[in-house]
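Protein sequences, first through last, are from chains H and X.
Okay, so the first sequence: first residue is 32 according to the numbering used here, each after it adds one.
Okay, so the second sequence: first residue is 32 according to the numbering used here, each after it adds one.
Don't read these hints as lab results, they were simulated from the structure.
Everything numeric in this text was worked out from a predicted model, so none of it was measured.
Some hints could be false.
You can't tell identical chains apart in this list, so a pair holds if it fits in one copy or across any two.
Stated by the list, open to error - 27 Å max Cα-Cα, derived DSSO-like pairs, lysine-lysine: (1) Lys270 / Lys169; (2) Lys97 / Lys185; (3) Lys146 / Lys270; (4) Lys315 / Lys185; (5) Lys169 / Lys97; (6) Lys315 / Lys263; (7) Lys97 / Lys263; (8) Lys97 / Lys315.
Number of protein chains: 2
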Amino acid sequence: MFKRLLLTGTAALFLIGAAPITQQGSTTQSGVLASPQEVLDAAPASAWMTVPAEDLVVMTLADGRKIDYQLAPDFAPVHVANIRQLVRSGYFDGAAILRVQDAYVVQWGRPDEDKTEARGINATPPAEYEFTPPARFKPLPFRDAYAEQVGHAKSWPVASDGHSAWLIHCYGMIGVARDVAPDTGSGTQLYTVIGHAPRHLDRNLAVVGRVIGGMEFLTDRPRGTEDLGFYKDDSQRIKIVSTQMASDLPADARPAFQVLDSDSPAFAAWVQARANRSGAFFVKPAGAVDICNAQAPLRAVQSAPGTN
Amino acid sequence: MFKRLLLTGTAALFLIGAAPITQQGSTTQSGVLASPQEVLDAAPASAWMTVPAEDLVVMTLADGRKIDYQLAPDFAPVHVANIRQLVRSGYFDGAAILRVQDAYVVQWGRPDEDKTEARGINATPPAEYEFTPPARFKPLPFRDAYAEQVGHAKSWPVASDGHSAWLIHCYGMIGVARDVAPDTGSGTQLYTVIGHAPRHLDRNLAVVGRVIGGMEFLTDRPRGTEDLGFYKDDSQRIKIVSTQMASDLPADARPAFQVLDSDSPAFAAWVQARANRSGAFFVKPAGAVDICNAQAPLRAVQSAPGTN
């Protein structure tokens, strides 16, 4: 259909051997390569890890739209424990989307004037902005403006300088809002990235998860009219009617997601396919891919076939 | 205000000397540095270039919201001539936003089934995907995943491999939609980037401009439910009631914008400030900035004080 195929890069082709990852600025003439979608379609079930229900939060807005997000206990355990407690204690039930700043972040929680107590949390968690480089860190073979190395660890986007590592503020990643003092964020207000990755925030805030379902129900909101995109008052805010841990929902009501394992050969092939787009549409494959254009593929599944 | 300062990085500090651009992965301890906003506030009038009215398009939607976009005749002259002709001939009046794909693009024009003739254009323009590296190209001193060099030319984001150069698909940049064949885009359907820069599109489509006003009136739309985020039918599309060249509007009705000149010392200082965020909020300045996080600052002005 005229102009309906454009910008897709998923033309149907057969995989006839992996293409080389070419250097930046050059192009590959290595011929036919599978599209990213074809690599995913061909990935074995063993390459997909189920998102643990105890790491999955379901946030329901007043208009009935649901946002699912995954917590990252491996990288920010104290903040994640706080968020699980805030969810289970009902802290976010009746909270709201407070801020939508175009090309930057959507932020939710309870507004400054709301003094609802956050019960049972660690009110002054350690910063958790950085961690020891993970054993399972798989760096990409491409340059990055901000870090010596970027890649994936347990399918999360991670940067490293060799001594320290940190989660990257890619689109959809979730961080803990804080005040000016670096130790003032407990998890009572969270934000997610809705624009080009604001990498200057890396190592300056605790990154605790990522949106894996319903992201478009956050990004299509009116931008806030106040400084930093805050909504003017309660009349503009979008209410959160409930937030629940998926593990607390009846099995038949639980959303379930799988993420491609960054340790799997399929993941490596998918990165190559993202870096070297094939098909009739592409004149010049990039030969590289930015870490935030190579976020681990996720898929919704009918029911959780167990946890990894 | 509690948690209202977060993620701003524009704390008020005095400029007491430029900081070094530190290497990626390291942090700067060079102390107090001006914020990006302070650099802009201190920039002389001579550092700001007025966007020529003949390069500025005003698109008015059915709900009255206006989007202003700037054309790039220096880099895609044939496509820009086509777009000026399409605007002046009324081609886009009665067209619509056809596609909103989350984290990717918003696309507008006339739908496939609309056979309205595009009068007076070059129906098969040269691709204009690349050009000779511009004399005024100012590369950033930072790594890039996709190109040997990235930087600015006449305040546009440009990548170069030394032999060829091209405009970069940053947030808000506008390209010409096309069919699978690389020579099928004339300018009758345009798209703008609403997510993390899809750099794999660089050198594969003609980039012809950028949105400089009302971007949030494109990004806050419901995402399309069809493949690639296309709207299902006319009932979902957002109509474009008129599109005009600012130069064809009465002087008192013309929007006017200025862009910081990438050849100015103020621009270089602003890049340094973006790369090394200062202020009480930032624990670890990045020491670098991605080209799409360093798009030339723009400002609306009351009336056009002449063109550059």
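Unsatisfied constraints (hint numbers, rising): 1, 5, 6 and 8
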